[in-house]
Every structure is written in C-alpha cells, then in structure tokens.
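Participant: Read off the chains here:
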Amino acid sequence: QIRLGQSRYASSKPIDILELNYAKPQTFRIAEIKAVGLTTLDEIAILSLSGLKVDDKIEVPGDAISNALKKLWGQGIIGDVKILVTKIDGEDISLLLDLTERPRFSRVEFTGMNKTQESELRDKVNIRGRVVRDDVLNNAKRNIEKYYLDKGFMNAEVRIKQERDTTLPNSVKLIFDVEQNSKVRINAIEFYGNKEVPDSKLKGKLKKTKEHARVSVFKDGYSRLTDATAEDIKNTILYTDSASHEDVKNYINKNFKLNFFNGSKYIPKEFRNDKDNVINFYQSKGYRDAKVVADSIYNFGQDKINIDIALEEGQKYYYRNITFNGNFIHPDQVLLAKLGIQRGDVYDKEKLDKRLNYDPTKGDDVSSLYQNDGYLFFSIDPVEVNVAGDSIDLEMRIFEGPQVTVNSVNIKGNERTSDHVVMREIRILPGQKFNRELLVRTIRELSTLGYFDPEKINPDLRPNFEAATVDITFELEERPNDQIELSGGWGGFYGFVGTVGLSFNNFSIRNIKDFSKWDPLPVGDGQKLSLRVQANGRSFQNYSVSLTEPWFGGKKPNALSFSFNHSVQRQVDFYNQDSFGDELGYFKITGLTLGLAKRLTWPDDNFSISNSLQFQIYEFDQYGTSFGLSYPTGTSNSLTWNTTIARYNLDNPTYPRFGSNIILSGSFTPPYASLNKNLNEESTDQEKYKWLEYNKWMFDASIYTPLFGSNKLVASARAHMGFLGAYSKKIGMIPLERFVMGGDGMSMNNFALGQEIIGLRGYENQSITPGRDSRGSADPEPYGGIVYNKYVMEVRYLISPNPSATIFVLAFAEAGNNWGSYQDFNPYDLKKSAGAGARIFMPAFGLLGIDWGYGFDPIPGAIRPSGSQFHFTIGQQIR
Amino acid sequence: CGPFNKLEKSTNWEELYAGANKYYQEGEYNKAIILYDKVLPVIRGSEKAELADYNYANCHFKTKRYIEAAGYFSTFYRTYNRSPLAEEALFMNAYALYLDAPDANLDQQSSQEAVAAIQQFVTKFPASASYERAMDMLVDLQERFELKAYMESSMYYRLKDGLYPGDYYRACIINFQNFAKDYPESEHNEELAYKLVEVSTGYAENSAYAKKEERLKDALGYATSFYRRYPDSAYTGKVKEIEQKATEELEAHTDLQKEYAARVEEQKARALENKPLEKIENN
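Quick note, the sequences are listed as chains A and V, same order.
If you read the first sequence in our numbering, its first letter stands for residue 1, the second for the next number, and so on.
If you read the second sequence in our numbering, its first letter stands for residue 1, the second for the next number, and so on.
Each hint should be verified, as a subset may be incorrect.
To be verified - List of simulated lysine to aspartate or glutamate pairs, EDC-like, C-alpha gap at most 20 angstroms:
1. Lys173(A) x Asp123(A)
2. Lys555(A) x Asp161(V)
3. Lys412(A) x Asp182(V)
4. Lys38(V) x Glu120(A)
5. Lys48(V) x Glu43(A)
6. Lys53(A) x Glu87(V)
7. Lys146(A) x Glu270(A)
8. Lys555(A) x Asp167(V)
In short, the hints are calculated from the structure, not lab data.
Same shape as in the complex, but just chain V:
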C-alpha cells in the first residue's frame, strides 16, 4: 500500500484536500482527480472550493480529457464569474473544445461548439491577452469547415465519373453554387466556378432532347459569369474551350430543332393536301 492508496481510503477531508493539491502541484493529475472527486462535494461553499474547482478542471485538461475539461471550465465560469480565474477558465473552455475538434473529414459538431465557446470568450473579454490566440483558433476552425465543404465538392466531382454520372453532374451543379454562397471568400471558388462550367456542359450534353437547350444555355451562362468574376484566371483557356464546345452543341441543337419544326410543317402541309392518305394531324 503506497501513500496514495492510504490517502484514498481516508475520510479526513483536510488531509484529502491537502493531498489533492499536492498531487496537482506535482503533476500527478490522475491521482489528483481521484482525491478531488472525494473532496469537492464536501468543500463546496468554502473558501477552498474555488481554486479546487479550477484545478479539477485543469487536471482533466492536462490528462487530455478535453470534453470533460471543457465542461468543468464552463461550470467554473458560470459559478465564479467574478473570480480572477474566470477569464482564464472561459478561455480554457474554448481551448479544450478547440483541441478536441476533429479533422475536417469527420463530424464537425464539436468544432461548432468550439466556435461558439471562442466567440463567447472574445465577446466577454475583448481586452484579454489571449484574444489573439482565440482569434487564431477561430480562423483555423473556419478554414476547417471550408476544407470540409471543398472535400465534399471534390467528392461529387470525382463521383461524376462513377456509376451514376447524370445524378452526380446535377449534384455538382447545386453543390458548387452552394459552396460559393457559404464560403464567398474561399480561394477554391475560382476552381469550382470553372468546374461548374465543365459539369453543367457535361450534364447538358447527356440530356434528353427536350431539356438540352435550357441546360446548354445554363452552362453558357455559368461561363459568362466566370469571365466576369475571374477576368484573368488561369482557367480561362479551358473555360473558353468548353464554352466553344457548348456553343457548337447549342447551334447543332438549334439546327436540329429547326429541321424538326420544318418536318412537322411539311407533314402538316402534306396532310392538308392529301388528307385521305396520311392521318398526321397536329403533331
């Protein structure tokens, strides 16, 4: 039985409290947590409670239990919002959530919580020494959201070469435009604007006769807005190429429509002349 095990069984609150603080100072955070667990409910409301509560939260932080740490720091802030440690606690709450935030390819719910916590911190303590750090964290998280959305766009773009091209062409068209709406400042917008021209043309080319004209015109529209937004883009050449193709396609389609209309007229005329032979009416 080491001294810790002996202490753990003790019912002397003073001793437990002193022991917890000692282990905390020595960096034995796991042991400190066990002792604080025992002593915290009892010392609640005493002058010892404040620091002990803070240390307890910090023990969790130091042992990388970020979710718990964030919870305890946040409770600390709510309980002792006049404490000199309050500012630090609110920052640590945000920081713990930030460290816990997962990579861009996973669910970003905890990142959203981190963003909320950072925003709370910077509004409450705009003069804090940690303000810059908090803002850096915020920027980093926002870049993560943007990267996630960009990876989603890239995935749709990749899957258009897969089993269901039509469905994914359409998904790309909607998704790329949503990306531009959600992240107007993103550097990926130029590339996606070019790809939008590409996928909308691809979509139109593979469309049924009745839908082709409208979709080709949409594609040409995307090309025009591309030139307007990115006058000297590295993609301009490629866009021009696609535009050229789409225009030709549209011309061919218009010719086809004219030819079709002409034939219908011809049939009609013939039907009028020679009623009993052909029974083609308003086709």
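Same shape as in the complex, but just chain A:
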C-alpha cells in the first residue's frame, strides 16, 4: 500500500492512479507525462486530448484525473486507458498513460435496402471512427432492428460483416447486411374476459394497433358453395332463418375489415398505449377496476401475427355522495351544478377529470369558475372516501389559493415575425387577473395568424405564489406561411392552361430596403402581398396584385388593402381553331379597389366591418351580345361602394371544428339614372350602361360543430344567397354582375368575367344559369341570375391533422338554384345533389380538393338528372 508522503516506496513500480487510496487528497505538480501503447494514434494529440500538461497542479485523487479519463473515453477511439503513476517525488508526480488501441471503424456500409432507408440509417447508426467493441456493434444492430420494427418489419434480420480496411492501418470496414423479410401484419386481435363490451368496440379503442384489411366474403361464399351438401342447399332455400342483428354484425366482423386508411403494423410502443386506451375506455364506463391481465402475441403463418388480450372487467361503479371541502369563494351547490355529475351516475374517471380540470369542448368546468377569475393556483382533488358495494363516495378537496395578477406577457420562438405583430394579438395582458378563457382564446387567435404551428403554441406560466403574480410566455414555432399556387396543363385547342399565384402572408414593406431580411421576400410585419396570374391560352387571362396592412396606423386592427385586377376574355371559334383571338372580339375588365376593414367590439368582438370602393372599366369588343346587351362593342364603367359585416369565430382556419362564420355584404353604385334627366327607359343600352347602376346583397353563413364529442368528426352547415337589385325602372336589372351557378365554384375554371360564380357540386360548371342557352341569339336574354340560394350540409372526418399536410374527407348534400327574375324566384325549387370528397391542405399550396357529386335534378333545358360529376378545386371556395 502506498501512503502519502512516503514517496520512496512509490518509485519502484508504476501503479494505477485509481488504485491509490489516499486518506486525503494531495496536490502534486506534474513533472512528466507520457503515453504508451500507441500504434496509429499520436502521443502529443492524445496528451492534448487528456487536458493534462507538465507543470499542471493537480489533486490526487481529484477531478483532473477523472476528467482526463472521461475525455479520452469520450473520443471513442481507444480500446482501454489507464493512468499510471511512475514516480512520486515530494510534490512532483510522473504520469504515464497506458493505452490500448483497438481497430476502428473506418467505413460503414449497408446492403439489402433502398437509398432512403440507407440514408436514414446512416443518421441513426453513426459509428464511423469509433473503436470496434461489442457494445458499439450491438447497439448499432439494435438501432437497425428497431428502425425496421417501427416500419412493421418484425422479422428483419441484421447480419454484421467485418472486413479489414486496407486503406488505413488498424481499421475495419463494417457491413450491415439487412434482410427485411416481409412486413408483419396483424391478422386478428382476440379479446378474452370481456362480457360487457363487444370485441368490435374494444378493437376500435386500439387506435394504432389494427387488424389487417380483409374482404373475405367472396372466399367465404365460395367455400360455402363448394362445401355445401344437397341437404344444406335445401335448408337454405326452404327455410330462411332470420338472422339476428348480432349474427349480421359477427359475420361482417369476420369477413370484412375495411381498414384501408390505418396500417396493420405491430409497433410495441403503440400497442402499450392502446392497451391503456382500452382500460381508459372501461373506466369511462364505470369499470374502475378494469385491467389487462395478460396479452400474447404469436405468429400466424409466415408474415402475420395474432394478438390475444385477456381482460378483467371488474365491477361497475356509481357515484353516491359528493362533498366539497376547502371552498370558501363558491358554495357547494354552485360547484356541484358546474360539475354536472349526480348521485347515481356511472363512475367515469375520465369525465370526472374533464369536468373538474379542463373540458376542451366549451371550457366550462369547475376549474373555470376559479381560473377565469385569477385563482391560478386553484386545485381540486377528488378523493374516494368510501367505497361500499358498487357505490363510491367522493370528497373534493379544494385549494383555492390567492387571486393572481398577470405581471408580464412575452413570446418566444418568433424567429421571423416581429414582436409587435404577435403581441398585439394577445388578449391576456399585464395587470389583468389571470384568466384561463382569455389564455385559450389567445392561443386560438395566434394559431389563426397562420405564422405559427397551431399544435405547438404553448403558454408557459411562471407563477409567483408570494407576490400572487404570473409571468406568461407563449412558446411559438414559426412555420412557412407563404403560399405558391401552381397549376397547369395542356387543354386541347385552348393551349396552355395554368395559374401562378404567390401569397406572401408575412410581408414587410419596411424591410424592403434591407436585403438581409429577405427570405425570399422581406418578412416579419404581417402584411400580405398576393400576386396572381391565370391564363388559359389566349382565351382567358387574369392578373391581380393586392397588398394588405392588417393594422393600419398600428393602434387598431384596421386592415387597409389595395388591389389591382385586370382580366381579359376572348371569343373562341370552336370550328376554326386557327382564328381565335382579337379579331373575334374580347371582354376586358380592369379594376382598382381600396378597402378598410375594422374589427368591432360590439355586439361582440368577433364582429368586423369592412368598406371598400371599387372602380372598374368593362370593355367589350364584339362581345356585348353574349351578356344580353343590344350592342356588341363599347365600354361600361362602375364605381361601387361595398360594406360587409362579418362575424368570424372558427377555432381553426384549415380544419374548423367549432364556431361559425357569417358574412353579409351590400354593394351599391351611385344612382346615375336619377342624376341624369336625359336617361329613360327608351335610352339605348349604350347610354343606360355607360355607368352601371345596381345594388347587390350577398349573405354567406357557415357553422361547424363536432359530432359525438369527437375532435375529428365535424358537421358543418352552410347557407348562401345573393340578390341583385335596381334603383329604378329606367335602367332595370343590369346584364353584368349576375350569378352563374354550378360546378366547382372556381373562377379559374369558369372564365366568367363580370359575374359572380357560385359552385354547386353534382352539376356542370355554370349549368344552372338563366339565359345560358340564349347566348349569341338575336334577342338575347341577359346571361346570369339575379337571385340565388344555396344550402350545404357536410360531414367531415379528419384523417391527418399534420399541419404540413392536413387531410380530411367529407360527405355532402347540397341544394341550390339561380333565378333570372324575382317573379320566378321560388326558394323551394332547388337543384339537389349529394356526394363525397377529400381535401388536402399543404401550407405551400393551400387547399386542394376533389369531389364527386351526383345531381338528382335536371339542369334547365334538360330532362334527365345531371348525374355523376367530378370536381377538382384549388383554394377555399367561399360559396
């Protein structure tokens, strides 16, 4: 044994420094330090890595030595290391690093997989340059196996080959040879011990562990036929046993498994979660003691497994007495009423939790009584004070705490968007009593901004109990919000058909001069710049630019917008493809709009009002008669004032689950006819329509509500209507700005300038439009309706909430019609249709959709129903 200070004993033989067992640490000076055992590594480099140097004062035992060991090991390049003491001479110590080198992995190769998997695995298995050791290899192998397991390849085999790397001394080339084998699917899931809940219900609770899709009814029918004896056939024909509801369900369950959207992979982590889901479900039905007693997973054929789950349901419990304790502010009756649970109700832990702490559907729970009034520290703990038979007595132990005031509000994570753009939207402010409802509302409104990932907005509350204050920080994560709309195609004799649209939703005029802020355009001030070009060969073009500042003046959310729009439509000669163009005439509209939209605080603060002034020039060249004008060539102007009142409180713009959106708008032109005495009913169309005179009223309403408390299944109802009016008989109804109805409702596919396009699925574009068939006739009826109604019912189901690609499917029933005069207007005479569709929302492209609809009624002039129609849409269709 070596003792301190008795250095003469220490000089003879090197001793491992870790074996020195000193009574107390002593400080030495490093007199000499060397490294031995190196073949490819460099002594100076190793000493440098160790962090030890001659003349260093170190404590033995002490941090310096253990740090040195840690650092050397941390490099992962050595096989073993010992620090030896070769000599102790008074204060001086001589150290020797005894290293063992091991071969290192110079190259790692993967075989038996595709390029994507290889590059993903390369990131997961990052062992290049590390020493060859069993644990490193096993770890790598486990990672690879886990990677395949998560993809459903349960039987993937990983073989490791090691080869000498001839290009570098003491190094090894490593090859992972993977045999994926076939994907393992779950064939069947069997539940045992469930008496109260049917298998199918429980299988539904296994969210990520699903049986493989199968439709075996044909196979079953075939085998029944082939296996049938004459007796069976006779029985089948002569006696028809009425199949019970349960029989049918069982048969369906056995032979159909329409599980095309969900995978049937077995992923252990998800399976564990799913078992919890099953138990949670039982608990929500009063089976407080339900548990999974056993589960087993076994092979079924080559690439399938079966899963058995054994359950113990236990007894069903009910509430008996509910008492409150510790509440001083609100009396028991108030709390009990808020709780909404009564004596005799089924004991549902999940619902109890929701009603006590947070009910996401309305936010109207026991905690809201307190937490909307500053009592941030409020907590309520339900304690089962007595369980007698199937009855449970609950005591609610309440802590009310102090009334908390907000001290500061901050944001974090806004890497592109300026502070004030976000902060001005925040509803909960310093000086207010803490209010959970305002907090939730702020989160909702920040997600509506679109600059941040809605699923990741997180308020971080830092309360201070002593001072009764709270600091709130909203954690945000920016997401790209600019939209590019690109669509194109080659449409027969039209030639190129396409749209290029760019929307920059977080534009900054202020940063235009600073090129370092361009990404790809100046960003950060929440302004919106849209540019759009649509073209359909030479027959239709539309150019538009608009710029919006949502907080004009910086004090109030008054959105100032400016836009310019120019459209051209040219006549197409269907018979002679070579000669379409200017010589056949055109219709052009050029317009400028200036608008100001205000948020209102009355009747409530979801209301907004907007006013705009628009100037438009309509130019016809041999085109007027198409609209029902008596002259083919000329110019009309319009100056329109529009006022729109809207109420918007949808919870999420891409997939609304709750809330409504109501818009009422009125547009007016000045009454030229009353100003101009020379105008009368006998005036020519040229005079009558030199300045357009009309008024137009539009109403659009939509509401959304979740079905069965689900946050995926949503019902929506919409109503739309529009009315065109005239001030005087002198002019009458103008032939422009009318409604055209039918089809997808996209302006791009309709090429209907100077008109309001209304979609109606299940019918062809524009097919429900008065005056449609009189285009080009001698005494044309004006094209388009002056009053339309449309009603839509939709049920939507969210398949993927992923914000980078939100996908949902929908089923709809809708009805609408479009009338050419108020005498014909009959709101009960509607064209009906029904169908289904899907939508995908990607932040860069906006909303893309496909619908199939069946029109039950004939279009005007036809006898047979419109029938089956497909519609493709880009962007949100308002109507």
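On the provided structure of chain A, position chain V as indicated by the hints.
Facilitator: Leaving out everything else, chain V in the frame of chain A:
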C-alpha cells in the same frame, strides 16, 4: 470531372486531408467542409486532428453558418482546452453566436446564448487581446434587450388608443414599472415615468366610481415620484399639467363622495322621522 470530384471519391485519407487543407487555404470553404467531413472521424486522435477540427469550425464561420460554427468552436474548446487555439476558439464561439443574434424585434433566445458565451470567454481569458471586443459585443446585446423591452412598452402605449383602452392602460402601468426595474440605467426611464403619470391618470379617469379615488391617488403618487427622480426634466411641464387635471378630478370626486354621503345621511334621517312612508334603511 474536376479535381475536386475526383478527390471527393478518394478513399486515401492522406490525400483527402491534404486536399481539405489546400481548399481551406485557398478560401474554398464549402469544398473544404465536404472533405473534412470525410476525414475528421478517421484522423481523430492523431496529431492532425486539432488543427483540422479548428479549420472545420472556421469553414462554417466563413460560410456564415454561424450556429454550426459556434457549436464546432465550442466542441473544439471543450476537447482541446489546453491548445494554443483554445482562446481563439472560445472567442469565435461567442463571436459566431453574436453575429447570429437577431434584431431586437425578434426572439432573443440566441442573443441570450451569445451573452452566456461572451461571459464565459471574458471570465476564462480576462487578459485576452479580444477582451475589449467581447465587452463591446456584450454592451451591444444588452442595448438590444433594452430596445426590445422599450419597443414592447411603446406598443402597449400605442394600443391604449385602440379597441380596449382600459386593458392597455393597465398593461402600461405594470409594464412601465417592470421596465424601470429591469433596466434601471436606461435613458428611456424618464420618458416612461412621464408616460406612467399620463396612463395612470387616464386609467383613473375612465374608472368606475368605487375605484376612482384609489387610482387617482396612485396617479398623483407617480407624479410625485417623477419630480423626485427627474427634478429638471423636459417633461416636468406636461407632468404638472396632468397632475393638475388629476388633482381637480380628485377634488371633484371627493365633493361627489361628500355629497353622496350627505344624501345618504339625509335619507336616513328622513327615514327615521317618517318611517312608514319611506323604507330606506342602512343604504
């Protein structure tokens, strides 16, 4: 195929290492990064590794990948803290973070990291030639935090003229005082102290009867502390004006309270005299 592409495919480590250094010297940092990527894991532990690691970090710095550069410089410092390049590496770590720090109107989390890195540098190497530069960076960042807080205060002040004046008046009162606590040396404090008098008076004026007295007194209190802290301020005149207004308001309010109390007394007295007619009791 250029010489670089040929080199990129090479498995000769010596050649790759020499090539990486060559491109580094020539300022072709992107190419150097690609080659260093290949060669670094292999030369780890050799005498070549130290300089190569430093160059690798510097390549990222030169190509303006500041976050990565900071990470590599920091790893370099931790690995080779006895190296002659260690001081430079720790400075470069701080400098890269500093250059990456965003404008005051954006999230300042990376600026906070830069501050931590600069502080680490100046504590470790107080005698460094770059000490002054580091301190300048520190001052600049702290001014940025202050500007951010001031912009926040200004925003609340602006929004008090918006849709919810009451809420924002109150927000201003709390926020301005927090600013003074967080940045006691700031030159904006004088202006905010004046504005505090203004917003607290505005808040009091728009308050309900029951809260008015207390809030007016608060406002007058802010005025008094303004005079004490800024005896010869350019804002004194304005503060005096507001104070005058608040005092008058308070007097009017006190008169109103007296009148109210008198009426209540009168009612009571009348009730006592003429009990059966009026049923007003302790109001």
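Participant: Next step is simple, just say for each hint if it's right about the structure.
Facilitator: Results of checking the hints against the structure:
1. Lys173(A) x Asp123(A): holds (18 angstroms)
2. Lys555(A) x Asp161(V): Roughly 6 angstroms between the alpha carbons, so the hint for lysine 555(A) and aspartate 161(V) holds.
3. Lys412(A) x Asp182(V): Holds, at roughly 18 angstroms.
4. Lys38(V) x Glu120(A): Judged against 20 angstroms, a Cα distance of about 18 angstroms means the pair holds.
5. Lys48(V) x Glu43(A): holds (12 angstroms)
6. Lys53(A) x Glu87(V): With Cα atoms ~17 angstroms apart, lysine 53(A) and glutamate 87(V) stay inside 20 angstroms; holds.
7. Lys146(A) x Glu270(A): holds (14 angstroms)
8. Lys555(A) x Asp167(V): holds (14 angstroms)
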